[in-house]
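Trainee: Sequence:
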Amino acid sequence: DLHSVDLEEFKYGGTNITAFRLFDPEKPEIQNTVKEWIYGEHRYGRKHDWSSGHNK
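When we follow our numbering, the leftmost residue of the sequence shown carries the number 5, and every step to the right adds one.
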């Protein structure tokens with residue numbers, strides 16, 4: 005999920021960061037799995053702001 009990480013600090017530092025996607029987030033199977041995961045987290049009282057799209 006490199007798209008959700010703020011890489012601004014590394015922009016001019018000569019850092020080589022390479023990433024690749026393991027799963028296609030557009031596939032219905034993946035979307036259903038994520039929905040079930042979020043439901044399970046809420047069910048056990050673990051909350052996370054999944055809508056922010058960025059983590060630091």
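No wet-lab data here; the hints were simulated from the structure. Certain hints may be false.
[As the list claims (entries may be wrong)] As a list, the in silico SDA-like pairs of lysine to any residue whose alpha-carbon atoms are at most 25 Å apart:
| id | residue 1 | residue 2 |
| --- | --- | --- |
| 1 | Lys51 | Phe14 |
| 2 | Lys51 | Asn20 |
| 3 | Lys51 | Thr19 |
| 4 | Lys15 | Glu30 |
| 5 | Lys15 | Lys39 |
| 6 | Lys51 | Trp41 |
| 7 | Lys51 | Gln35 |
| 8 | Lys15 | Asp5 |
| 9 | Lys31 | Phe14 |
| 10 | Lys51 | Val38 |
| 11 | Lys51 | Glu33 |
| 12 | Lys39 | Asn20 |
| 13 | Lys39 | Gly18 |
| 14 | Lys39 | Tyr16 |
| 15 | Lys39 | Glu13 |
| 16 | Lys51 | Pro29 |
| 17 | Lys31 | Lys15 |
| 18 | Lys51 | Thr22 |
| 19 | Lys51 | His7 |
| 20 | Lys31 | Tyr43 |
| 21 | Lys51 | Tyr16 |
| 22 | Lys31 | Leu6 |
| 23 | Lys39 | Arg50 |
| 24 | Lys31 | Ile42 |
| 25 | Lys51 | Lys15 |
| 26 | Lys51 | Pro32 |
| 27 | Lys15 | Pro32 |
| 28 | Lys31 | Trp41 |
| 29 | Lys51 | Phe27 |
| 30 | Lys15 | Tyr43 |
None of the values given here were measured: they were computed from a predicted structure.
Trainee: So, for every hint listed, does it hold in this structure?
Mentor: Against the structure, the hints come out as follows:
Proposed proximity of Lys51 and Phe14 is contradicted: the alpha carbons are some 30 Å apart, above 25 Å. Taking the CA atoms of Lys51 and Asn20, the gap is about 33 Å. The hint is violated against a cut of 25 Å. A distance of roughly 33 Å separates the Cα atoms of Lys51 and Thr19; the hinted pair therefore is violated under the 25 Å criterion. A hinted pair counts as satisfied when its Cα atoms are at most 25 Å apart, and Lys15 with Glu30 does not qualify at roughly 28 Å.
Distance check on the hinted pair: Lys15 and Lys39 sit about 33 Å apart at the alpha-carbon level, beyond 25 Å; violated. Under the criterion of a C-alpha separation no larger than 25 Å, the hint pairing Lys51 with Trp41 is consistent with the structure, at around 12 Å. For the given pair, Lys51 sits about 19 Å from Gln35 by alpha-carbon distance, which is consistent with the 25 Å threshold. A threshold of 25 Å between alpha carbons decides the hint, and for Lys15 with Asp5 the separation of about 18 Å falls inside it, so the pair holds.
Proximity of Lys31 to Phe14 is assessed by CA-CA distance (about 31 Å); at most 25 Å being required, the pair is judged violated. Of the pairs offered as hints, the one joining Lys51 and Val38 holds, with about 14 Å between alpha carbons and a cut-off of 25 Å not exceeded. For a cut-off of 25 Å, the pair hint linking Lys51 to Glu33 stands: about 23 Å separates their Cα positions. Between Lys39 and Asn20 the alpha-carbon distance is near 33 Å, which puts this suggested pair outside the 25 Å criterion.
In summary, the hint linking Lys39 to Gly18 is not supported, as the alpha carbons are separated by about 38 Å, beyond the 25 Å threshold. Under the criterion of a C-alpha separation no larger than 25 Å, the hint pairing Lys39 with Tyr16 is inconsistent with the structure, at around 37 Å. Straight-line distance between C-alpha atoms of Lys39 and Glu13 comes to about 32 Å, which puts the hinted pair past the 25 Å bound. For the hint linking Lys51 to Pro29, the alpha-carbon distance of about 21 Å falls within 25 Å, and the restraint holds.
Annotation: proposed proximity of Lys31 to Lys15 is violated, straight-line Cα distance about 31 Å (limit 25 Å). As the CA atoms of Lys51 and Thr22 are separated by approximately 30 Å, the hinted pair breaks the 25 Å bound. Simply put, Lys51 and His7 have alpha-carbon atoms about 21 Å apart, close enough for the 25 Å limit, and the pair holds. Distance restraint check for Lys31 and Tyr43: the Cα-Cα separation of roughly 19 Å lies within the 25 Å cut-off, and the hinted pair is therefore satisfied.
Between the alpha carbons of Lys51 and Tyr16 the distance comes to roughly 35 Å, so the proposed pair goes past 25 Å and is violated. For the hint linking Lys31 to Leu6, the alpha-carbon distance of about 19 Å falls within 25 Å, and the restraint holds. Distance check on the hinted pair: Lys39 and Arg50 sit about 14 Å apart at the alpha-carbon level, within 25 Å; holds. Distance hint between Lys31 and Ile42 is fulfilled; the C-alpha atoms sit about 17 Å from each other, no more than 25 Å.
With a CA separation close to 31 Å, the supplied pair Lys51 and Lys15 exceeds the 25 Å bound. For the proposed pair Lys51 and Pro32, the alpha carbon gap of about 24 Å is at most 25 Å, so the pair holds. Taking the CA atoms of Lys15 and Pro32, the gap is near 34 Å; set against the 25 Å cutoff, the hint is violated. Our distance criterion of 25 Å between C-alpha atoms is met by Lys31 and Trp41, whose separation comes to about 16 Å.
Simply put, Lys51 and Phe27 have alpha-carbon atoms about 24 Å apart, close enough for the 25 Å limit, and the pair holds. The hinted pair formed by Lys15 and Tyr43 fails the criterion: a straight-line CA distance of about 36 Å is larger than 25 Å.
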